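*Asks:* Position chain R relative to chain W; hints supplied.
What follows is each chain in one-letter form.
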Amino acid sequence: MSALARRLKGLAEDVGAALLALMFATFLVQIGSRYVFNAPASWTLEACLTLWLWVVFWGCAFVLGERDHVRFDVLYVAVSRSMRRAFALVSALAIAGGMLAALPATWSYVTFYEIKRSAVIGIRLDVVFSIYLVFAVAIIARYIWRARAIVRGGDPDVEERANP
Amino acid sequence: MTLAFAACVVALFLLAGIGAPIALSMIVAAIVYLAMKGQDLGLAAEQIIQGLYDSFVILAVPLFIVAANLMNAGTISERLLQFCVAIVGRFKGGLGHVNVVASMIFAGMSGSAVADAVGIGRVIINMMTKDGRYTPGYAAAITAASSTIGPIIPPSIPMVLYALVSDASIGYLFLGGIVPGVIMGAVLMALNAMMARRYEVPLERPVPLREIPAVTVRAFPALMMPVILLVGIYGGVTTPTEAAAIAAFYALIVAAFLYRALNVATIRGVMRESARSSASVGLIIGAALIFNYIVASENIPAQVASAMQGLDISPLAFLLAINVLFLVLGCLLDASTIILVIIPLFIPTCRALGIDLVHFGIVSVVNCMIGLITPPYGVLLFVINATTGIPLRAIIAAIWPFIGVLIVALLIMILVPDIILWLPRRFGYTG
Chain W
1 MSALARRLKG LAEDVGAALL ALMFATFLVQ IGSRYVFNAP ASWTLEACLT LWLWVVFWGC
61 AFVLGERDHV RFDVLYVAVS RSMRRAFALV SALAIAGGML AALPATWSYV TFYEIKRSAV
121 IGIRLDVVFS IYLVFAVAII ARYIWRARAI VRGGDPDVEE RANP
Chain R
1 MTLAFAACVV ALFLLAGIGA PIALSMIVAA IVYLAMKGQD LGLAAEQIIQ GLYDSFVILA
61 VPLFIVAANL MNAGTISERL LQFCVAIVGR FKGGLGHVNV VASMIFAGMS GSAVADAVGI
121 GRVIINMMTK DGRYTPGYAA AITAASSTIG PIIPPSIPMV LYALVSDASI GYLFLGGIVP
181 GVIMGAVLMA LNAMMARRYE VPLERPVPLR EIPAVTVRAF PALMMPVILL VGIYGGVTTP
241 TEAAAIAAFY ALIVAAFLYR ALNVATIRGV MRESARSSAS VGLIIGAALI FNYIVASENI
301 PAQVASAMQG LDISPLAFLL AINVLFLVLG CLLDASTIIL VIIPLFIPTC RALGIDLVHF
361 GIVSVVNCMI GLITPPYGVL LFVINATTGI PLRAIIAAIW PFIGVLIVAL LIMILVPDII
421 LWLPRRFGYT G
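Protein sequences, first through last, are from chains W and R. Counted from 1, the first sequence has number 86 at position 86 by the numbering used here; the numbering is strictly sequential. Counted from 1, the second sequence has number 267 at position 267 by the numbering used here; the numbering is strictly sequential.
Chain W with its partners taken away, still in its complex shape:
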């Protein structure tokens, strides 16, 4: 991996970590406001759920590599190298194709929420949900890239070694 790619990945990891830390801190504010100051804050729960959504899809878009996902690889590791390449190619095309097919409808689902704001904080919900679009586009791009690399003779397991 190039130095730039490594730096970007490190940055993406820090953003994910910061989102999670913020969620944790917000949750503590919620507990504190309720039990210590006896004045429950109403915005905290919504903020936590928003941050949680972002932790998940940000992480899946930019942080998790092929190996970080839960996979059933009993068969995959047992087959020959060329079969493995075929497996990886079919997976990559199916994932990119499926997500791409659903992208227009997903886009209209998310943008539909332009008219709605969250109940307490009042953030536009299309902004809250937009991270799913980011995730969908990132997954499509990543798997097209992966398919292209495999077709060009790349080893499907190389990325995994580069990001242990």
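For the record, the hints were derived by calculation from the structure and aren't laboratory data. Only a predicted model underlies this, so the values are computations on that prediction, with no experimental measurement involved. Where a beta carbon is used, it is the ideal one built from N, C-alpha and C, also for glycine. Be aware that a few hints might be false.
What the simulated footprint calls covered on chain W by chain R, stretch by stretch (three residues with Cβ under 8 Å from a Cβ of chain R suffice, anywhere in the stretch; the number is not a length) [said to hold, decoys possible]: (1) 38–44; (2) 51–61; (3) 65–76; (4) 127–136; (5) 145–155.
Distance ranges between label pairs, derived from CB positions [stated by the list, open to error]: (6) R/Pro375 with W/Arg148: 29 to 39 Å; (7) R/Asp40 with W/Lys9: 31 to 41 Å; (8) R/Arg198 with W/Ala138: 49 to 59 Å; (9) R/Leu311 with W/Ser130: 46 to 56 Å; (10) R/Glu211 with W/Gly122: 55 to 65 Å.
*Replies:* The following block gives chain R in isolation, referenced to the frame of chain W:
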């Protein structure tokens, strides 16, 4: 079953079978289903987003992950282990017992078997294999087996997931896990004692009694954690989700200020690691939600229920059959996938047969945890192999007796529901 649903299942099995990430396979299979049904493809995104955005309960999952990683980075796990060595290390098969007891206490602080295996596993395995007293395979196997107690004694991430799909009360599920967790510990210690006698494992040098108070003081803040959690939840002070945040906060304070084992760099590492695991689990939860939506709209669980009633099967026969099925699936699938995707298929059947959902939940979670150590796909075996370098073959060769005694414990829990339900009932559970 419609053609669209058949295509969905085929797509899922095909993609997951050739090694695509399971969560993404579920999403793609759901899109295949929606396309064949001529439904809005945006429904996949809608179910995933709303499912994750609407459930307060799910927040416990990332918080328990943070708590466990903080405890491991903050030497809390290590101190706990030293305490256990001082208390039970002196008996025959001492370090094996230490392993189990430490896992049981750790289980009261963390909700994840993998965190348990990573946290105390490596240290105890080093202690056991030093001087060749235990074979690496045996040390790894008992560590893997005792880690399965982690999510049985509360808190528990798998039980949170089960509560999500079954609507059973998390509080009562947590309570229901305490006695089964102790039983699992007991059968593992019995097996260990037997093995130690048969192979004549030499005794440890006992920690002198006068050193015990000092070791206890060092471990005391760690030992208080399960107490704080249980009192918090069952004193009615906090919800289980809040307890998860309090556990993480307590671990942070103790590790950073009392033990001085954390600095900015380690906390950054802990948060990075936790964000990574949270994202991976979160995507599985989201993907399982869209899949469950499809299964529900195909009315599959109700069909399973009526088929079972048509068979006129007794509740006990059903429970035994389902447990055999879960054990077989556990050899191949990840526990969270079984809990989120397979278990919901059978919830209506349980209701129809009058099986208590807390009883069913605990039995299923125990079963799935045994699945974590059954080859060929056993996450705990992989984790221990990765952290210690002990070959999988050696671990698998030694794991069978442990799987055997845990299945015996599972069978007892299936046959005697009162073992599980006694404690929740004392706290007002009416099931």
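*Asks:* Does each hint hold? Answer for all of them.
*Replies:* Against the structure, the hints come out as follows:
Coverage of the segment 38–44 of chain W by chain R is violated [criterion: at least 3 residues with CB-CB distance below 8 Å; count 0]. With 8 residues having a Cβ less than 8 Å from any Cβ of chain R, the segment 51–61 of chain W passes the three-residue criterion, so the hint holds. Closer than 8 Å: that is the beta-carbon criterion, and the segment 65–76 of chain W has 10 residues meeting it against chain R, so the requirement of 3 holds. Chain R is given as covering the segment 127–136 of chain W, and this holds because 4 residues of the stretch bring a CB closer than 8 Å to a CB of that chain, at least three being needed.
Given as covered by chain R, the segment 145–155 of chain W fails the check, having 0 residues with a CB less than 8 Å from a CB of that chain where 3 are the minimum. With their beta carbons about 36 Å apart, R/Pro375 and W/Arg148 fall inside the hinted range of 29 to 39 Å. Separated by about 35 Å at the C-beta atoms, R/Asp40 and W/Lys9 satisfy the suggested range of 31 to 41 Å. Against the hinted window of 49 to 59 Å, the Cβ-Cβ separation of R/Arg198 and W/Ala138 comes to about 55 Å, which satisfies the hint.
Checked against the hint of 46 to 56 Å, the pair R/Leu311 and W/Ser130 passes, with Cβ atoms roughly 49 Å apart. A beta carbon spacing of about 59 Å between R/Glu211 and W/Gly122 agrees with the range 55 to 65 Å that was offered as a hint.
Hints 1 and 5 from the list above are not met by this structure, while the remaining hints are.
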